[in-house]
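Mind docking chain B on chain A? Use the hints.
From first to last, the protein sequence lines stand for chains A and B.
The numbering of the first sequence is our numbering, which starts it at 1 and goes up by one.
The numbering of the second sequence is our numbering, which starts it at 1 and goes up by one.
Worth flagging that the hints you see were computed from the coordinates, not collected in a lab.
Where hints are given, some of them may not hold.
With a cut-off of at most 25 Å between alpha-carbon atoms, the simulated DMTMM-like pairs for lysine to aspartate or glutamate come out as follows [unchecked claim]: (1) Lys154(B) with Asp337(A); (2) Lys301(B) with Asp134(A); (3) Lys250(B) with Asp341(B); (4) Lys438(A) with Glu183(B); (5) Lys438(A) with Glu253(B); (6) Lys301(B) with Glu185(A).
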Amino acid sequence: MRLVATCLALFTLISAPARANDHVTNFTLDNGMEVIVIEDNRAPVVVQMVWYRAGSADEKPGASGVAHFLEHLLFKGTKTLAPGEFSQTVARNGGQDNAFTSYDFTAYFQRIAADRLELMMRMESDRMVNIQLDGEDILTERDVVIEERNQRVENDPSGLYREQKNAAMYLNHRYGVPVIGWQHEMTQLTLDDALEYYRTYYAPNNAILVVAGDVDPDEVHGLAKTYYGVIPPNPDLQPRERAQEPRQMAERRLVFRDARVAQPYVSRSYIAPERDSGAQEDAAALTLLAELLGDGPTSVLSQKLQFESNVAIFSTAWYTGMSLDDTSFTLVAVPADGVSLQEAEDAMDRAVAEFMEEGVDPEHLDRIKRQIYAAQIYARDDVGDLADEYGRALTQGLTVADVQAWPDILQAVTEDDIMAAARSVFNRDRSVTGWLTKPEVTQ
Amino acid sequence: MIRVVIAAFAVLLATLPARAESDIQSITTPGGINAWLVEEPSIPFVAIELLFRGGAAVDTPDKRGATTLMSGLLEEGAGDLDAREFAKARDTLAASIRFDVSSDSLSVSARFLTENRAESLALLRSALAEPRFDEDAIERVRAQVLSGLQSDLKDPQSIVGKSFNELLYGDHPYANNISGTIESVSALTRDDLIAAHRAAITRDRVYVSAVGDITKDELSTLLDTLLAGLPETGPALPDMAEVNLPGGVKVVEFETPQSVVRFAQPGLPRDHPDFFAAFILNHILGGGGFESRLMTEVREKRGLTYSIYSYLSIADYSKIWAGGTASANDRVAEAVQVIRDEWALLRDNGVTQQELDDAKTYLTGAYPLRFDGNGPIASIAVNMQYDAMPLDYIASRNDKVNAVTLEQINRVAAEMLDPEQLTFVVVGQPEGLDSTID
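Isolated chain B, as found in the complex:
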């Protein structure tokens, strides 16, 4: 029973401590692949991260879920190996390989022991370049995906996510579950999966990092081997979403004791001049731990919830300021009201100098703490490249946080925070809370 669900929504990447920062090298392989590397030989393994832009958002409307199902099959047989043989080979090497799909990207997280790095690399290359999509494997994984989709229909957390995305995104790909629907997944063919594979894993959309027991030359060779022969480019990416945030409440009736809530208003992109002010403002509102205003007012003072958070979402095709909570059916109306009130209070009165100072101290102090292992550093490095952040961003990031003034942050609060546009989706049997949105 952990005391609070720590909201893992920080949109800013933390900085590197000075020594790690100076250790990051940016390399370009003879084959033309760019990568960031930290040579850290003290533990005999390397963590490698690949991020391919695209993800489930490039599924065509009649093939929803193709990218997700495809990624679930990459380790289910590749090259000469069927699913069982592949699993045996991976386990013998004790290599760790993980594929994940989000709306925006497909990621590969691998850890290879130094002692058998070449064989592990060959196995990963096979999964990436030569997946077999055997019929029996397709049916096995399809059944698992369908079971998950069936469960989503009766899980309040899944229902709120689905209702929220459908309300906000309408015809945009973001309206869809990345796993598709029962109908769409049931209809996917082997050819659809082959097409999804060609679309999702391409050389022009890959970002790479490696941290651990590997040299620059070894990584160059490794990456050129790994990515050779992949398609050069993928299909067109989606347009920006026009986000529907009408304000008010949408209630989705579902029989369960605790109502689950999501809320959002418009956000802003990372390159916006007010981004850092908004980022600090969100930390004070609902981004921090136990100190945020929402946590103080909704949980600590009133005991209305166990978990409440807000975050700035800077997905590729939508920028929103969002959050969530959960509260018993007979108390959730009060929780929603308190959230609205806090939104208005912050817009009208801004933050205090003390709040701003505390937020800066936390954000700048917490910054280096994330860079405490090969895996975490590799993950941060690949995401920075994905977001087109330069290496020297790391050194200047805390200065940007510290440069935000009280005047600026309170101007941003007055301009951006909009309780009238704040839109709630509530799943459960909330008492005293009526839908104002169809």
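Bound-form chain A, shown alone:
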């Protein structure tokens, strides 16, 4: 299975979350900036991450890609740092730095020797409010993000297909617009677009600092006050209320054809509720449903489509619970040689229908819960991953308490909870079915 999973990189499965509550401290600075410290003293390393509660879904219409474009521009200098000096300074201190943007957040990080944390805080707090850009930098870097889009999307039919399918999934929400931006809009992005986004969203009261590694929480607190605590909050920051999905009432279907497709597949996504603060139970049931249906050789889809029949060479299901607004639950079938997409889709539907009749195999659910338990232990080996999980959670409407409650909520999910969640989410009127395939041959 792993062989194909590697070929079809989009099928990343939901990894069970995990934590080490004993090692986590959190507090809020007077200006509203939240701070989370995760201690791991095994190696003299620290990861600093600053997360903004602003991603591509917070962009204004017509300027898609500006959140990600701005992320690139934050390496282009401030009033006191020359272009490129930020990363150069990190490297001169033996560290690495980078950044990433998604629908709901933008995040910047450095990984460096623990005794360099103060220098990192000085620079990261500086670029929260002091970037300085000229028109030339803007144009060259815009070319870079256009090449990034070429690499990730234009050169990959699966990338193009996912964009088209997401656009059909969301009738009104910005999740239907790609994070990197539509090609025709990102080529028109201006300095003003970037600066407007920056001034609106980059402020301490819209940010979360996560520090993980060989650190002392009290020292981190002191440094955070010195560098981030002195930045005034943005008083004009608005509540994060984005255009929501209306009632979805009509099934959507699409076929994307590209000559570069060698292996066709079918995927269906249903709109689904996300993890909400204090109310994560439905999302927990959906998380386990995705594992039961699609994770590994003992999963329902794999058993029915790959073992009991040879309809598919690969199948999976996934659900991304962490999301600020409505998320989706996805089923995938990659047909075997000689099996049509229609036959694969029908077989996938039959497999799910049979599952709805047969219910949850209690032993299967037990195995999944065992793995969730073990994942908490394995996760402690990588504080960087834990830092990432807290950052994502806090930019997507959850709290530290929600993150820490999640493993127990998962363990408490019953077979009935899962079947109820399945009945609720599997509604074709709230779904998109897509086929990725080759062009039709015309005589």
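Leaving out everything else, chain B in the frame of chain A:
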């Protein structure tokens, strides 16, 4: 959208921080297996790495892909358990077991919880020693491999890799995709897989490390149980490749908007006296993050690409200095020219003292940061043994970096960098770039 694809090509292994370094023990089990161990009981699991020299390069010419297909079947039924029963047993134990094949080796990465380590070990032993190769499992995994090979034929990244390896390696095993071809994989029989298994997993070619909640005695017992009864030795290993690097450009036409580029010139082995100078030189050229010359000139100044990197490849049977990038069809010719120009500029003018100092600061400072978990330390420890590096290498590695002088690095730049021999393979529809190589 991450800002840059971090090139994971550092050929040098990072050092250990002082405390981890002194914690590594070298052990020999009663059964004669050598292993490196770090006892780290704070989290109740152990990470175990096994590396078997051999890999896809020992596939015979008519059985290309046998080792890869075989490794994909190790968890598809073993001993008394069929594929489903094996998966259930593994999931019940919540053990993590991963097999990977490269050109040079087959690796096993395992994580076992302390609470059920013995049962997890028994399961891994079964996969390693008693895989069943059931016919239905073979067909299931074969279909997956074939699907991947079909996709490779239409993916510019795969096409450039294939064209590059075929150009450089000719008749050497490195010319081949480790997964084989559609024809070769279609023809593999169960007996071929049994033969590939006997050839790939042998006691004389295994390197072992363990980090985590386990003692020296417990590891000794574990390893002797795990590896007992495996074949003592495997088939002959390949000869060194004679690498064909004629210089110039080979264009492979493929309809896609962005051209994908690989390039290479001759490299050098790790035990070469100039290795550290070349290593630092590569860091300055294209090995670092945003600071490298290629990144500065091709991306930051001209916006011609999102990703560009170079690396010293020290595979078992070939040493090359290679790199890659991707650029829109109407801009890729300029990117190729800038890379050539930078190659010549570095050969002719060398690096500055500041560049050398910055590279040293980065490389020596980044060194301990990699040793920040049981999994990463186990991986580094097994690779060091594979490369015949002594334990005390760790303590002296930064000294070797710091010992490189400006004079030495610039002599190496003048002697080694060869823009005329720098050979490009470009897949796409590049404008203004013609093939000079058949």
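Hints, verified against the model:
1. For the hint linking Lys154(B) to Asp337(A), the alpha-carbon distance of about 17 Å falls within 25 Å, and the restraint holds.
2. Between Lys301(B) and Asp134(A) the CA atoms are separated by roughly 14 Å; this keeps the pair inside 25 Å, and the hint holds.
3. Simply put, Lys250(B) and Asp341(B) have alpha-carbon atoms about 18 Å apart, close enough for the 25 Å limit, and the pair holds.
4. For a cut-off of 25 Å, the pair hint linking Lys438(A) to Glu183(B) stands: about 22 Å separates their Cα positions.
5. The hinted pair formed by Lys438(A) and Glu253(B) meets the criterion: a straight-line CA distance of about 19 Å does not exceed 25 Å.
6. Simply put, Lys301(B) and Glu185(A) have alpha-carbon atoms about 23 Å apart, close enough for the 25 Å limit, and the pair holds.
This entry satisfies every hint, going by the numbered hints stated previously.
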